[in-house]
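Q: One line per chain: the protein sequences are A and B, in this order. Residues in the first sequence are numbered from 1 upward in steps of one, following our numbering. Residues in the second sequence are numbered from 1 upward in steps of one, following our numbering.
In case anyone wonders, no lab produced these hints; they're calculated from the structure. We put the CB at the ideal spot given by N, CA and C, even for glycine. Some hints here could point you the wrong way.
Said to hold, decoys possible - Capping the alpha-carbon separation at 25 Å, the derived lysine-lysine pairs in DSS-like fashion look like this:
hint : chain 1 : residue 1 : chain 2 : residue 2
1    : B       : Lys372    : B       : Lys423
2    : B       : Lys238    : B       : Lys271
3    : B       : Lys423    : A       : Lys177
4    : B       : Lys288    : B       : Lys271
5    : B       : Lys452    : B       : Lys635
6    : A       : Lys100    : A       : Lys122
7    : A       : Lys51     : B       : Lys271
8    : B       : Lys530    : B       : Lys399
9    : A       : Lys51     : B       : Lys581
As the list claims (entries may be wrong) - Stretch-level coverage of chain B by chain A, calculated; a stretch enters the list once three of its residues show a Cβ under 8 Å from a Cβ in chain A:
hint : stretch
10   : 124-130
11   : 293-302
The primary structure of each chain is shown beneath.
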Amino acid sequence: MELSATQMTHLDRLEAESIHIFREVMAEALNPVMLYSIGKDSSVMLHVARKAFYPSSIPFPLLHVDTRWKFQEMYRFREQVSKDYGVEIKVHINPEGIEKNINPFDHGSAMHTDIMKTEGLKQALDLYQFDIAFGGARRDEEKSRAKERIFSFRNQEHRWSPKAQRPELWSLYNGLKRPGESIRVFPLSNWTEQDIWLYIYREQLPIVPLYLAAERPVVERDGLLIMCDDDRIPLLSQEEPQMKMVRFRTLGCYPLTGAVESQCQSLEEVILELLTATTSERQGRAIDNDHPASMERKKQEGYF
Amino acid sequence: MDEHRESVRGIAQRGIEAYLNDQARQDLLRFITCGSVDDGKSTLIGRLLYEAKCLFEDQVNALHSDSIRFGTQAGEIDFALLVDGLSAEREQGITIDVAYRFFKTDKRSFIVADTPGHEQYTRNMATGASTADAAVLLIDARQGVLPQTRRHAYIVSLLGVESVIVVINKMDLVDYKQTVFNQICVALEEVWSGLELPSPLVIPVSALRGDGVVTLSSLLPWYDGQTLLSALESAPRKQRTLEHPFRMFVQWVNRPHLDFRGVSGTINSGKVSVGDEISVLPSGQRAKVSELITMDASLSSAQSDQALTIVFDREIDASRGDMICSASAPAEVADHFSAHIVWMSEAQGLCGRSYLFKLGALTVSASLTEIKYSVDVETYKDQPCAALELNDIARIHIKLDQSIPFESYRDCESLGSFILIDKRTFSTLAAGMIQHPLRRATNIYRHDHSIKRQSRQQLNGHRGVVLWFTGLSGSGKSTLADHVERILHAQGVRTYLLDGDNVRHGLNRDLGFTPSDRVENIRRIAEVAKLMVDAGLVVLTAFISPYRDDRAQARNLFANGEFQEIYVSTPLAIAEARDPKGLYKKARAGLIPNFTGIGSPYEPPYAPEFTIDTSEGTPEDSAEFIFETLANVLKLGSEG
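Just chain A, same shape as in the assembly (with noise of 0.2 Å):
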């Protein structure tokens, strides 16, 4: 393959700047970590980060912090990534959660999300003394989003303030910390939800299947499609589960993942399917509809 600069596309510009990234990081982290959460935009970060110590292997451990009820096709990619690509995947999942059986029907999304998602990941952050870790968030998912550094740093307490943001001035970025802060670094920002498909496609990454249209059973609450991944899923004296066709357009917990109806099978239709899309890609979140600013004041607390 010949590229020379002057073809360079907008996605050759978006991966070298992400290679950038991960290269800083590398060369001035104490004990770096990849939040990996199984879904498309980790798949790319993931591929991205093998681009940019090739021939070397990947630096630096993954982390997932699970919450136990993730989709069982997530937990089974989990794993084949983890044999294929021959990357270390640490899980940790909250155990006061576990102990208390935390979990989104009984307790709601909000308390879920913060117990099994922010707690665990602080919990994992300090177990393991992770000073950098690297996550797949990209400014155009939502509005507090876009105004987030590439390098956000988190106090001791991992909290986010909007206001103390250190200014972040062509590709120069400011990786020095005092003991106890720590950086969340982010070498999607500039992503955009089609940028990763059409990677996806010129890549030719695997993903979890569940982002292609196939039969399943759901259920239909508060206008999301929910998938009865397994029993745990109470259904109400009228509900009847239903095969329909469906896919997702992001992957979280399943009883808080809503599934679009879809006929597209291949990743080519997926992504035509996006191109021509009318809704964004966070619709199918339960948590980002709670309050207007609900992502922002999640991210103060420390959530990712």
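Chain A is fixed; fit chain B onto it per the hints.
A: Using the frame of chain A, we list chain B on its own:
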């Protein structure tokens, strides 16, 4: 819509693969939007996204509900809310940080940096402009060219963004009159005459109504130029550095096993091919490129902006921060520069204070040697400047503690741009752009003398060190230093005491008590002490030296153990009660501004070698204690 987004039917006819390949092949334009608070900048971006069909239904729905809750358009859809991200800002109704937006048409992908126009936030605009290929500058048709317009144009020009589109917005409020547009164009020519920028493209628009944003409007029949969107689709990318000689900073050494060693980085400028002769700076070692590696393929050549790993035909010593250059045209190396700087911190920037300087993959120590002038960004006139304040733009001289390879910002952005970082808090203080190197220091050659410090110390029979007394006025520094010197002298140790009496009246008589003069005062004292220590003496300095950073900088001049910090910790109340020179009384009466402890802070050391409170115990006892502890430090051979 069809002009900017291909229809589903069109895609089906051409084949999905061909369509996706086209999409994946698009190039990228990053641009910044600048305007004043009421120019309708956020409305314009919102309108652009809406008209180019880059908004989703749920976003439009959320916008409708937000418009009712927070909107300023009486329940009408308020596009500004789309771009004003953080809730605190939404309530204030202004944007206070840089927000990034993304959209694409069939021709191009775009990243928009939306930066606030409020005058407090020069910093944010410089941040947005640093990565921009083009700038969209808004003017309210009713207001015409304002001081803010001049400021925006200056910053854009300073950051080297040459492609500027000026949007004259709110044409609906001036009845779409051509005369208004023409008058503003004339005023713009005057602004541009003071800048090193090519002429801008000027477009009349009503963001609120959508005229001229994506389609030409029948309400502007006299205008037949480009719409804003078509101008953005055809704007040139920032002049990149293809024609420049090859340079790449080593970011990371890639060493998976003993048989492979490569250097990873992103090419800063020029082209490189397998077989090219390169040299490594600063060592000057040479080698040939044997492989250009990416995970996808081994390349035969590569160009600026590509990220890769380079392998050489022989073992060379290259590590992070070294630069790989074309051997026939290596980069210049220097340690003293003239630069433009944008000050981004609440903490003042002062000459003489030491900062971390980050350029490419290099981080070194640096200090400002001179603030030539700051620029009034509204009149473009130079003005004198003693200290750098938040949002100041200035021309400065900066000296590094080692020579580095560089290019001027104009020639190569990534090798001429730097940030300054506070050594203690690690916050980013400033962003700078190298203009040219200064040659003064390079003509001073160090002469290798035959009588060395070692020999002088042998003759004296003791080591040279500095005893740095610090504390409030009246804390007892001079008295204590005097006692210590007497004991040392009695023991045959060669000493000298530097204090206000012998320094302030001579060497430093040009300095006052402003923060920047205090920094310079301490810098000179430290340098003099260093010469005296080199002469083999034990130097005692007795100055308030209130700032931690300056004492840390003084300490940095000396080897381990050579700098003994003695914190005279007598409490303020006691020092004030003593008031031997009546200074506290005057300061309390407001007669002495900046008096340490009253109008100016004293920053106590975190880890001094000694802490002595003179209100406890006699000076004789304290001096004896210091002397006993020092005995080992003074012994020859204790250099460690």
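Q: Are the hints correct? Go through all of them and say.
A: Quick rundown of the hints versus the structure:
1. B:Lys372 x B:Lys423: holds, 24 Å
2. B:Lys238 x B:Lys271: Between lysine 238 (chain B) and lysine 271 (chain B) the Cα gap is close to 18 Å, so the pair holds against 25 Å.
3. B:Lys423 x A:Lys177: holds, 10 Å
4. B:Lys288 x B:Lys271: holds, 14 Å
5. B:Lys452 x B:Lys635: Distance ~18 Å between lysine 452 (chain B) and lysine 635 (chain B) Cα, so the pair holds.
6. A:Lys100 x A:Lys122: The given pair, whose Cα atoms are some 18 Å apart, holds under the 25 Å limit.
7. A:Lys51 x B:Lys271: It holds: about 21 Å lies between the C-alpha atoms, which stays within 25 Å.
8. B:Lys530 x B:Lys399: holds, 19 Å
9. A:Lys51 x B:Lys581: violated, 69 Å
10. 124-130: With 4 residues close enough to chain A, the hint holds.
11. 293-302: With 9 residues in contact (Cβ-Cβ under 8 Å with chain A), the coverage given for the stretch 293-302 of chain B holds.
Going through the hint list in order, the structure does not satisfy hint 9, though it satisfies all others.
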